[in-house]
Amino acid sequence: MALSGFFSRLKEGLSRSTQKLSTSITAVFTKRKLDDEALEELEELLIGADLGPSVAKRVIEAFRRTRFGQDVTDEEIKAALAEEITAILAPVAQPLEIDAGHAPHVVLVVGVNGTGKTTTIGKFAQFYRDQGLRPMLVAGDTFRAAAVEQLQIWGERTGAPVVSGKPETDAAGLAFTALERARREGIDVLLIDTAGRLHNKTALMDELTKIIRVMQKLDPTAPHSTVLVLDATTGQNALNQVEVFQDLVNVDGLIVTKLDGSARGGVVVALAEEFGLPVHAVGVGEKVGDLRPFVAAEFARGLVGASLSQLSGSSPDGV
Amino acid sequence: MFESLSNRLATTFDRLRGRGALSETEVLEAMREVRLALLEADVALPVVKEFVTKVRDRAVGAEVLRSVTPGQQVVKIVNDVLIESLGGEGAVPLNLSAAAPVPILMVGLQGSGKTTTAGKIGLMLRLRERRRILLASLDTQRPAAQLQLAQLAERAGVNSLPIVAGQTPVQIAHRAMETGRREGFDIVILDTAGRLSIDEVLMDEVRAIRDATHPAETLLVVDAMTGQDAVNTARAFNDAVGVTGIVMTRMDGDARGGAALSMRSITGAPIKLTGSGEKLDALEPFHPERVASRILGMGDIVGLVERASETIDREDAEKLAARMAKGKFDLEDYASQLRQITKMGSLSGIMGMLPGMGKIKEQLAGANLDNTILKRQAAIIGSMTVKERRDPDIIKASRKKRIASGSGVTVQEVNQLLKQFDQMTTVMKRMNKMGQKGMMRGGLASLMGQMGGPGGPGGGRPGGRRPF
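As they're listed, the protein sequences go chains P and A.
Per my numbering, residue 1 is the first one in the first sequence, and the count goes up by one each step.
Per my numbering, residue 1 is the first one in the second sequence, and the count goes up by one each step.
These are computed hints drawn from the structure, not numbers from a lab.
Careful: at least some of the hints might be erroneous.
[Unchecked claim] EDC-like cross-link-like pairs, simulated, lysine to aspartate or glutamate; straight-line CA separation at most 20 Å:
#1 375/A <-> 170/P
#2 57/P <-> 391/A
#3 49/A <-> 170/P
#4 279/A <-> 43/P
#5 319/A <-> 211/A
#6 49/A <-> 168/P
#7 343/A <-> 284/A
#8 49/A <-> 40/P
#9 76/A <-> 29/A
#10 429/A <-> 284/A
Computed from a predicted model, the values in this text were never measured in an experiment.
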C-alpha cells in the first residue's frame, strides 16, 4: 500500500479515537496554572482514557516535579504527555516478523470472545499476500456458530486456502492436519484461528496448550508466533487477559483492534509498562486493508491529540 | 465477576467496621479508597464522582457519626447507593406489551455479543413465555453473521428469517416484520451489525431500522470488560436510537464489572439481562440488590436458591436426602449429586453467590475451580460396575486399574475419589446425628475439600470442552 495513503487512513482512524481526550485536555489547561487541582483533573483524564491508575499517577508525579506552579499551555501539556507515553511505547512497537526459513511460519491467534481474531487473520492474509508470501488459514474456531464460514469468506476475499473441519471437531487435530498440508504445499505463513475463550476458564485454556503440544509433534519450534488479539474498548481487565494468556501459551505479541472507535486504547500503555510485550499492529476498521503497523510516537501523539497533520511527512519510523 | 472490586472494598470497610467512633476525616479517607477501587474497576469517571459524592453527603450526616456502629452505617449507605446506581431493587423484565409481532432490536459495538444474546433471548422467550420467535439478522457487514444467527436459531429451536443475499438491513427489517405478521410470530428479534458509536453512516442506518420497525425494546449489548469507553458508547447509542434496556455480557469473566455500574446512570435504562457463558441458556435477569450485595461480599443466597430450585430435580433430591438420612449413600447417589451440581452452573459461579466466600475462593483460585473435576469424577464412577458403586469397599488394586483405564485417568485419581467418598460418608454419618440443617453444610464442605485436593486434576480432554 502507498505510504501516504497509509498515513492518512491511520490518522483518520486514530484521530477519532483521540478527539475526546484532546478536547478535555484543552478545556482544562488553556487558562490555568498547573496547581494541585489541575493535576488531579489531568490524572482523572488519563484514567478516563483507560491508562490505568498507576501509569496516570506516574505521569502526574513527573509533571508535578518539573512544572508545578507554572503557567502551561495545552500544547506543552500535550507534547510532554506524548513524550512520556512514547517513551513507554517505543520499545514495544515491533512488527510481526515472518521467518521464511520455518516453512511455514506458524502464527497462533488467541484472545477472548469478540475481540476480532477472525477479522485480523483475514487482514493478515491480505498483508502477506501483498508481500508475495503464501498464507494459509486454519479455521480453528470449531465452536462458535458459523465461525468456519466467516473465515472461509476471508479466504475467498484474499485468495488464501482455508483448512477447516466439521463443527465441534478437535481444534488441535485440525491444526496438526493443516501444518502437514502447509508443509506439503510450500506455504510460508500458517495463520491459525482459535475459538474465543475467557482467560479464567481453565479447561478452555488447557485446550489451547493442547493445540500447541500437538503441533510440536510435527515441528518442535511451532508456533513461531502466538498473537493475542485485544479489543481497544477493554478496560483494566486487559491486564488480567495478557497475564493469563502469556502464562499459559507464551504470548509473543499483541494486536489491538477497534482503534477506529471512540475507545482510546489507553490500556496499551499500562500493558507496555507491565509486560513489555511487543505490539505488532493495530486494527482500524472492518475492511481487508484496515491493519496498520503500531507506531509508538503516533499512537502516543494520537492519544493526547497532538496535531497529526505534522506527522505524515516526517514519521517513517518502524513502517 | 465483581470479586476483585468486592475484595478491595472489603479491606476498606473492615477498617471502618471495627471502630467505635468515626471522624469526618476517616470517612473521607475511606471515600478516597472507594473512589480508587471504582476507577480500577472501570467504572466511568463521572459515575464514580456522583457515587462518591452521594455516599459522602449521606455518611457525613450527624446520625452516622454518632451512631454506635458508624462503620456498619457507612457500609449500609454504600450498599443503598450501589443498588440505586444499578437501577433500584428488583429485576426489570423485557417489555413485550405491544401488538404482535413484537419487535426487539439488538444494538451494540462489534464483538459485544449481540448475536449470541439474540439466540439466548429467543430460547428464553420460547421456553419461559411460550412465544413463537422469529430471529432475523440484519448484519450484512460481518462475513457469515447471518448464517451464525440461523445456526443459533436452530440450536434454540426457534425460527430464523431465510437469508436473501443483496438486501440492505432496512429491507431485511421490513421483510422480517412482514414475515412475522404473515406467519403469526409473537416476537421478532432483530440482530443488527456491530457498529462504532462514532460511525455516523451506520448510526443513521440503525435509526432507519428503528423507524421502520418501532421496536418495543431496543437492547444495548455491552461487554462487561469494557473500560471507560462504555460511557461514550452508551451515550451515543442512547442519543441515536433511545435505548430501553441493557444486556451485560461476559459476566462469567474476571472483569471487575465497572461498566455495569455506569450503564444505568448514563442511559437511564435498566440492565435487564446478563449473559454468563456461551451456552444458550446462560442468560439471567439482573437483580441490582443481589449484585450490590455480591459487590460488598454479602453473597446472593436468594439467587442461589432460585437457581437450585430451577435446575435440581425435586424428587431426585428428596430421594437422595432420604438415602443420606438412612446412611445408605453410595457412589451411584454421589454420581447423581455430581450431575445435579454440574447443572447448576460453574462451581466458581455458585461459590460467588455464597456470603463470605471471597477469601476461600482466593485460596482455591489455583486449584482448577471448574466443573472438569466433577465431570471426571462422574466418568470414573461411570467406569465402575453396579456392584462396585453400591459397595466401594470391594474395589481393590486390579479393579482400580480397570476403572482407571476405562475412564482414562490414573489409579491415583481413582484412589483420590474413593478417599473423598469415604470422607463424605463419614461426615454424613456425623451429620445425621445433627439433623437436616447440618447435612447441607456437611455436603458442601466435603465437596470443597475435594476441590482443594493436591494438584487438582486439570488437563484438557476433548470431552471437557465448555464446562458449565
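Consistency of the hints with the structure:
The suggested pairing of residue 375/A with residue 170/P holds, with an alpha-carbon distance near 19 Å, which does not exceed 20 Å. Proximity of residue 57/P to residue 391/A is assessed by CA-CA distance (about 64 Å); at most 20 Å being required, the pair is judged violated. Between residue 49/A and residue 170/P, the direct Cα distance comes to roughly 49 Å. Violation of the 20 Å bound is thereby established for this hinted pair. The straight-line distance between the Cα atoms of residue 279/A and residue 43/P is roughly 41 Å, outside the 20 Å bound, and the hint therefore fails.
Using a Cα cut-off of 20 Å, the hinted pair residue 319/A and residue 211/A is violated, with the two alpha carbons roughly 56 Å apart. Taking the CA atoms of residue 49/A and residue 168/P, the gap is near 47 Å; set against the 20 Å cutoff, the hint is violated. A C-alpha spacing of about 15 Å is found between residue 343/A and residue 284/A, which places the hinted pair at or below 20 Å, so the restraint holds. Distance hint between residue 49/A and residue 40/P is fulfilled; the C-alpha atoms sit about 13 Å from each other, no more than 20 Å.
Between residue 76/A and residue 29/A the CA atoms are separated by roughly 17 Å; this keeps the pair inside 20 Å, and the hint holds. Taking the CA atoms of residue 429/A and residue 284/A, the gap is about 37 Å. The hint is violated against a cut of 20 Å.
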